[in-house]
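If you're matching them up, the sequences are chains F and Z in order.
Take the first sequence: its position 27, counted from the start at 1, is 27 in the numbering used here, and no numbers get skipped.
Take the second sequence: its position 111, counted from the start at 1, is 111 in the numbering used here, and no numbers get skipped.
It should be emphasised that the hints constitute simulated quantities derived from the structure, not laboratory data.
All values reported here derive from a predicted model rather than from experimental measurement.
One thing to keep in mind: the hints can contain errors.
You can't tell identical chains apart in this list, so a pair holds if it fits in one copy or across any two.
[Said to hold, decoys possible] Here are the computed lysine-lysine pairs in the DSSO-like style, where the Cα-Cα straight-line distance is at most 27 Å: (1) 147 to 348; (2) 348 to 252; (3) 147 to 35; (4) 252 to 338; (5) 35 to 129; (6) 348 to 219; (7) 129 to 338; (8) 219 to 35; (9) 219 to 269; (10) 35 to 269; (11) 35 to 338; (12) 219 to 129; (13) 269 to 338; (14) 147 to 338; (15) 348 to 35; (16) 129 to 269; (17) 252 to 147; (18) 219 to 147; (19) 219 to 252.
2 protein chains.
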Amino acid sequence: MADRPRVVILGCGFGGMGASHSLRDVAADVTLLDKNDYHTFQPLLYQVATATLEPETVGHSIRELVHDHSNFRFHQTTVTGVNLADRTVEVEDMPPIPYDYLIAALGARVNFFGVEGAQEHSFPLYTLKDAVQLKNHVLRAFEEADKNPDLTDHGALNIVIVGGGPTGVETAGALAELFSMDFVDDFPDLPVNEGRIILVDGAPAVLHAFNDDLRAYAKDALEQRGVELRLGQHVTSVGPESVTLQSGEQIKTRTVIWAGGLQASPLAKWLGIEPGRGGRVPVRADLSLDGHPEVFVVGDVAQAEDSETHEVLPQLGAVALQAGKSAGRNVLNCIEGKPTEPFHYRDKGFMATIGRGAAVAQMPFGVSLRGTMAWLAWGSVHLALLTGWESRMATVIDWFWDLFQREHGKRIHVEE
Amino acid sequence: MADRPRVVILGCGFGGMGASHSLRDVAADVTLLDKNDYHTFQPLLYQVATATLEPETVGHSIRELVHDHSNFRFHQTTVTGVNLADRTVEVEDMPPIPYDYLIAALGARVNFFGVEGAQEHSFPLYTLKDAVQLKNHVLRAFEEADKNPDLTDHGALNIVIVGGGPTGVETAGALAELFSMDFVDDFPDLPVNEGRIILVDGAPAVLHAFNDDLRAYAKDALEQRGVELRLGQHVTSVGPESVTLQSGEQIKTRTVIWAGGLQASPLAKWLGIEPGRGGRVPVRADLSLDGHPEVFVVGDVAQAEDSETHEVLPQLGAVALQAGKSAGRNVLNCIEGKPTEPFHYRDKGFMATIGRGAAVAQMPFGVSLRGTMAWLAWGSVHLALLTGWESRMATVIDWFWDLFQREHGKRIHVEE
């Protein structure tokens, strides 16, 4: 075994999952590292935050995912550095791990863009831990207001969401349904209908990656559900009890959800190279690092150009998954002495849902869907992409429950 | 509304649930208090601890349970005292709550019986929080050993369970299956088969409430699954890396599960009365407090005698549920000027499961079951008793998954 090439994969998000798929049972020893013991299905995080799905449906055991990969080892540890010269990965609580080939899929962190108070007082929504914390905070805010009605006057029932991309829009829509379907019954002593859900974005429209029609539809669908929009303006500061907007408007709230942008993990710094946009690591057409054909970088941490369109690829799960698979195949090509292949992203479209029966889907070749059809498509695609049949079945039950019983069944707060 | 009698129910375990059932939609204003926002289905806690069920299946939103009870209010708060003279309940973060009738169903806490180090170094298993913490600890212990193989020599893979009642036996059996079905595959670098699961009890047999046949069957079933038994001896001390038994035997372990006994919540102290066994509050035949016909005490915090058999009733969920219902009906009788009724427990039997296809059930009239039939009965009864159809469906999926895929699907650790 000692003379088999050693491949190390950093991170088990969509990028690491894709790479693992390409490297299963090949003639190489693969070590997979992640700081958590689970893979996160990020597109459904907001459903954990809004009490529709339980964390165990959206987080999947990494050991279960790879324990049938005969050539894989997994360690739960935090990566602290990469030594390109020695070809080793430094981790928090183990000796450095040597590699012959490296696939770095370390993802990103939330970017607060230096907005005053944002880091201290807002709730990001990028990890499963974030989603659980946000859910617990919202439930706690309502329980506290129930015991102390004065808090309502201090904005305890208001939620401000910063960022009008899919995460912000989906969270706003789901919160509106949580308020109108559950909290009005759950909290008979609270004026739940006075609780405001406000979505703020610097762009003049929500879902700026979608076409005009879909953006207009999403805006209407949000407003129909009672979500207030503050478009074309930024948040200038976040405090413990309020948010201030560019216009000077101050909104009383104790719950600010930050869905506002990403910065790459500090891989570029470790590698000693000049970072690209958002701290990302520029890569070549085959996703390898310039001057280091043994190192591949994929997913939210990579700044890759599509080999056919020459456009910089967006930070999307689908891009990360395909790039991970491609990087895995390129490692195999290197091992077998074949040339690597440039990466081309096959765009299968993207979707966002605003609430039951209301979604938008923008497909390739200019096809777009909205309303119930888009919503059914959204549900089917996400079910199909979820990891593991058990999670899929649990999700079907939870969604049907949500739809027909009009109840979000996961609204409990288990302290740890 | 002001002249309607005010009923306060303390605690939403089985006792509080029973009382809530009897008082739904009656001509009284009911306030329900609990320190958590969920009711816990305690018989399945060990399945959360052993990664078969997710917490959301075993914990059910109290607000959802009572939001269709037109005369109910719920507050999530911790009770800190009862003032019998003023007829008020003191809570942590609200003004005192007045009552005309009180039903106290405050449950119990784990009793470490003064064993040295037990409180500091062992994991109780009585609450949902306990179950989540225990699961996370076990997963973390294996992940740590995976990164640092020396820990295995220090007992990182050993688990000692103190207490041979249903909780201890069911946990031991479920851990044995978690080790042999999942961890052996999940941790290929660890000698999982050398991990020991040791059950300690002071009595000469496990499940002392069951008959001789069932006890012998349970002992065999545990041993077949590799569980080591240390019967007829007590634990004398618990340290961070070991447990010492009465025999002098020292077992290296970092995971001690305390399933060893209960002490009642401090209600007797608050009421200023002499506590009974285990700190419980002695009650009259109708479950009311001597000299205070407006106060009823039920469940693990009560020391009640059955009105027909005159035996002290055991601390069981089924007793608490029936007593809660009875106390609720007696409050109604008081309101309507009718005499109260003495409480009689209808024993429907009790059960414990050791693993797939292996359970014991002791029914009334001397009927007993063991093996697959008892296991099917155990599963059906627990499913039927679970709160809410969504939880039942989720549990069916999880159990079938566990049975046919031989995988515990919830083995992830989400830090909060």
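* Can you give me the call for residue 269 and residue 338, within, between, both or neither, at a CA distance of at most 27 Å? => neither (31 Å within a copy, 79 Å between copies)
* To do: Tell me, please, which holds for residue 35 and residue 269 at an alpha-carbon limit of 27 Å: within, between, both or neither?
  => Within. Shortest intra-copy distance 19 Å satisfies the 27 Å Cα cut-off; inter-copy 47 Å does not.
* Asked: How do residue 129 and residue 269 come out at 27 Å by Cα distance, when the copy is not named: within, between, both, or neither?
  -> This pair counts as within: shortest intra-copy Cα distance 26 Å, inter-copy 40 Å.
* Intra/inter-copy verdict for residue 147 and residue 35 if alpha-carbon distance must be at most 27 Å -> Classified as between: cross-chain Cα gap 12 Å, same-chain 38 Å, threshold 27 Å.
* Asked: How do residue 147 and residue 338 come out at 27 Å by Cα distance, when the copy is not named: within, between, both, or neither?
  -> neither (68 Å within a copy, 35 Å between copies)
* What label fits residue 252 with residue 147 when the C-alpha limit is 27 Å: within, between, both, or neither? -> within (19 Å within a copy, 47 Å between copies)
* Are the CA atoms of residue 219 and residue 269 at most 27 Å apart within a copy, between copies, both, or neither? -> Answer is neither; intra-copy 40 Å and inter-copy 59 Å both fail.
* Pop the pair residue 219 and residue 252 into one bin, within, between, both or neither, using alpha-carbon distances up to 27 Å. => So residue 219 and residue 252 pass the 27 Å test inside one copy only (23 Å; across, 61 Å).
* Given a CA cutoff of 27 Å, do residue 35 and residue 129 count as a within-copy pair, a between-copy pair, both, or neither? -> Classified as both: same-chain Cα gap 12 Å, cross-chain 23 Å, threshold 27 Å.
* Asked: Within a copy, between copies, both or neither: where do residue 252 and residue 338 come within 27 Å Cα-Cα?
  -> neither (61 Å within a copy, 52 Å between copies)
* **residue 348 and residue 252: within-copy, between-copy, both or neither at 27 Å Cα** => neither (41 Å within a copy, 55 Å between copies)
* Asked: Which holds for residue 348 with residue 219 at a C-alpha limit of 27 Å: within a copy, between copies, both or neither?
  -> within (24 Å within a copy, 57 Å between copies)
Checked against the numbered hints above, the structure violates hints 1, 2, 4, 7, 8, 9, 11, 12, 13, 14, 15 and 18; every other hint is satisfied.
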